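Starting from the structure of chain A, add chain B where the hints point.
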Amino acid sequence: MINELLIILFAPLVAGVLAWALDIKGIREAIGIIGAALPLAMLAKLYSQVLDEAINYSITISGFTLQFQLNSMSWYFAAIASLVGLAMAFGMASTSKSSYEWLFALMSYTGVLGVFLSQDFVGFFLFWELMTFASFMMVLKRNRHESLKYFVLSVIGAYAMLIAIGMLYAKTGALDFASIRQALYIDAALGTITTRETAIIFALFLTAFGVKAGAFPLHVWVPGAYSETDQSYTAFFSGALSKAGAYGFLLLYILMGYKLYATLGTFHNHLVFAYIIAWIGALTVVIASFLAVLQEDIRKLFAYSSVGQVGYILLAIGTGTALGFSGALFHVLSHAVFKGLFWLVTAAIILQTGKTQFKDMGGLAEKMPFTFAMSLIAVLSLAGIPPMAGFASKWLIYEAAIQAHMPLVAGAIFLGSALAFAYVVRFLYAVWFGQRPSDLEDVKEAPLPLLIGMAILAIPNVLFGVAPGIVTDYINKMLGGEIVGGNYYKLVTPTGTYNALLVTVALVLGLAIAGLIYIYGAKVRKIPVTNTYQSGNPVTEEFNLSIRKNFYRPLAEALAFWLRHSFDRFYERVAGMAEDFADWLREGFYNGNVQSYSWYLAIVLLILALWGVL
Amino acid sequence: MFDWKLVLEVIGMIIYATFMGFIFMGIERKVMARIQRRVGPPIYQPIIDTLKLLGKKESVSHGLIYDFGPVFALGASIAALLFIPLGNFQLFSANADLIVVAYLLEVPMLGTMLGAMSSGNPYSALGVQRGLLTMVAMQLPYGLALIALVQHWGTFKLSDIVALQQAHGWSITVPALFLAMIVFDIVFQAMLGLEPFDIASAPAEISMGPMVEYGGKHAALLFTQHAVQLFAETAFFAVLFLGGASNLLELLIKQLAVLFIAIFVASIYPRFTIDQAAKFFWKWPTILGIIAVLLTM
Chain A
1 MINELLIILF APLVAGVLAW ALDIKGIREA IGIIGAALPL AMLAKLYSQV
51 LDEAINYSIT ISGFTLQFQL NSMSWYFAAI ASLVGLAMAF GMASTSKSSY
101 EWLFALMSYT GVLGVFLSQD FVGFFLFWEL MTFASFMMVL KRNRHESLKY
151 FVLSVIGAYA MLIAIGMLYA KTGALDFASI RQALYIDAAL GTITTRETAI
201 IFALFLTAFG VKAGAFPLHV WVPGAYSETD QSYTAFFSGA LSKAGAYGFL
251 LLYILMGYKL YATLGTFHNH LVFAYIIAWI GALTVVIASF LAVLQEDIRK
301 LFAYSSVGQV GYILLAIGTG TALGFSGALF HVLSHAVFKG LFWLVTAAII
351 LQTGKTQFKD MGGLAEKMPF TFAMSLIAVL SLAGIPPMAG FASKWLIYEA
401 AIQAHMPLVA GAIFLGSALA FAYVVRFLYA VWFGQRPSDL EDVKEAPLPL
451 LIGMAILAIP NVLFGVAPGI VTDYINKMLG GEIVGGNYYK LVTPTGTYNA
501 LLVTVALVLG LAIAGLIYIY GAKVRKIPVT NTYQSGNPVT EEFNLSIRKN
551 FYRPLAEALA FWLRHSFDRF YERVAGMAED FADWLREGFY NGNVQSYSWY
601 LAIVLLILAL WGVL
Chain B
1 MFDWKLVLEV IGMIIYATFM GFIFMGIERK VMARIQRRVG PPIYQPIIDT
51 LKLLGKKESV SHGLIYDFGP VFALGASIAA LLFIPLGNFQ LFSANADLIV
101 VAYLLEVPML GTMLGAMSSG NPYSALGVQR GLLTMVAMQL PYGLALIALV
151 QHWGTFKLSD IVALQQAHGW SITVPALFLA MIVFDIVFQA MLGLEPFDIA
201 SAPAEISMGP MVEYGGKHAA LLFTQHAVQL FAETAFFAVL FLGGASNLLE
251 LLIKQLAVLF IAIFVASIYP RFTIDQAAKF FWKWPTILGI IAVLLTM
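Protein chains in written order, with my numbering: chain A, 1 to 614; chain B, 1 to 297.
Quick caveat, the hints were computed from the structure, so don't treat them as lab data.
Just so it is clear, the structure is predicted and the values come from calculations on it, not from any experiment.
Here a beta-carbon is modelled for each residue, glycine too, at the ideal position from N, C-alpha and C.
This list has only true hints and no planted wrong ones.
Only pairs whose alpha carbons sit at most 30 Å apart, straight line, appear in this in silico DSBU-like list of lysine-lysine: (1) A:K97 with A:K444; (2) A:K523 with B:K52; (3) A:K477 with A:K45; (4) A:K523 with B:K56; (5) B:K57 with A:K526; (6) A:K141 with A:K355; (7) B:K5 with A:K490; (8) A:K549 with B:K283; (9) A:K526 with B:K56; (10) A:K25 with A:K141; (11) B:K279 with A:K549; (12) A:K300 with B:K279; (13) A:K300 with A:K355; (14) A:K526 with A:K359; (15) B:K279 with A:K359; (16) A:K300 with A:K97; (17) A:K355 with A:K25; (18) A:K549 with A:K355; (19) B:K52 with A:K526; (20) A:K367 with A:K523; (21) A:K359 with A:K141; (22) B:K57 with A:K523.
Over 10 Å on every C-beta distance to chain A, these chain B residues come out as not near it, computed from the model: (23) R34; (24) Q45; (25) N247.
Isolated chain A (complex conformation) (with noise of 0.2 Å):
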């Protein structure tokens, strides 16, 4: 009998190459969306079993056996990452024609699941190659120089990684989190790792999962990288495969916590390692959500948004408190299901009008009115408007942030949803209002398949917002106590209180009486967008009257000295000084000299001899 586990794990890497090797339209499409569904069918059907006990699997390979397990807290991520998996897959079923996206979209799919289902380094690390290959392979088809940008730091990230799972073997000589938990719980009392072996292994996770997860100043990647793809994938690489970086953050609590909470000790009753991530956390939410909002391309606000919105994933867990930990895990279940749908709304307008600055759009809200509807209810659920998703996980920060005595922290949660609402309601506004340009007047409705997509990942944004009990309670099953208490409808936590659905009512309450007061007003007459106030001067059609670029240009005034300062440019700088020094070296050695290369050829020898080589 084949093994539930491997079904889930390696059907979407199946569907994808028969999908490549097929290649058939219509069937290419049928196959993708089958094994993008599969492993959330498989999860459903999986669900109640995974509470009671977790369901192991493993794999023997010459020597190395690989151990899966399905436990609460993997079924979470693994749940979510195969909802948007199936919605990307719908998605890329109206905007993706080639077989070679299908193929590797759906094997970073594949590798996402290992991540999330492994349970020792070897898996844990394969997958996470696995994962990174295939999003890079789906970088560069479009974009060779965002693709390295990517690679490269996904390459620092992984010897990171792979130079700490090194140390951890050394000393544990344990592959497996069982036993290096075990190990370096014990060890926390022995102190044979000592503090400097402990904080160079807790530095060398923290570069490798911050690069997946984006985090500042190692985010410089993300923009290209998300800009760079098919934009129905980018639901996918922003939903749920940068949450493995966040689940690389848990996984460092769970496997090193005690230990690092032994070794580096305490900073104003805070967790001298938490209170790092929680900074990282905080700094990345601040400058992501200000770069976000000075954006002029659709896909790089949504990438910028992205970076900032895991910071508060990030935030949360550097708490260091069971409620930060309940709010992490919740948004990371919100930011993939309005993340998701914000980059599904943008693959369709990006495929029915074929523009990405907002300069060339406006308008589309007569022409799109599902998908703007859609785009409405993610924008609600990012800016944090009661009762959405987003709202229900940003409430659990903001509680659990000031909770745990981090006021600046807080403040910059604060600052962050300010921006957060500037930058969609600049989205809004470009996109869908004001002046159409006369280029656009036949845009048509997204297609049915990536409207479908839309759906699947609306109704949560929804579900989970007017009913935020059904996660939580589900978090504190997983985290084994009563942490945020109330019912499916109302959470409570020691010293606040959130009822969706009354705030619903209320809300709809309120509509209703205004509702009323305009169906009994006067009658209306519809007169077009061009037709307004201009202080007295008649304005003809041709004037273009809404503001598209440079939105927010009295922002970028005000932070004209911090924005000289990037990252990103001091990356690009250094690379080219590597080039530029490797340059160097090659014309210096390589001068085409048959003299100079008998020197060298001599030198070496005469090294080798030295040496007792020869």
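Using the frame of chain A, we list chain B on its own:
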């Protein structure tokens, strides 16, 4: 069982808040006029204005979202109001805490902006841009003031904050929270859209910004929304820093005190430009807010 008492309270409170909100708007105009040595309109003028707007025979519309914007804004304002403990009326306040109310008070802005953006008017768009940038600028000190408050009282629940203040004295009697109150009061000018932070509407520059296209019943809805919002925000201030209230009269006196301070500040300061406002908010109020937060840790 259906709670009829609560339903009656809710309906009564919505009517009361709307009425008092309009009176507050009237007071604002009257006091401002007196400071400028004018006679000023009668105190009930905003009610007459709104009724006149509602009585118009026809309104123009730029589409569905243009209609939905004001409706959503008013609805959200009413929703926010119901979660604030108002004197002896607790309404729904046991079901939502400080963070939820702070968010609900910002939702109406999204409604107004949705409508304004869909009107396609460049002044509206400028108003939206300025409104959002003001919000970005003020959010950091605003957040710090709220954090200081929560850290001192140790709870997010508004009703608990009121109860604690009645037992241990008002928030402003605590030195650190007095600082927080100063910060909150500066931010409050921006929340109410008064000088020196009336950047979003700026009547003399961009003709009321987001509101420029609205007339007829849409404008009436926005006026009503402003009234409810004014009432809710002044009550929020009173609940957070002035010890709440045990009855509506006490609450009203505190709300008026808050309102008068806001009007006095508004009538002596000119308007900031948006980048000046951002730089200002990120300097003094933020520094004060950080001090308040550190003192309450």
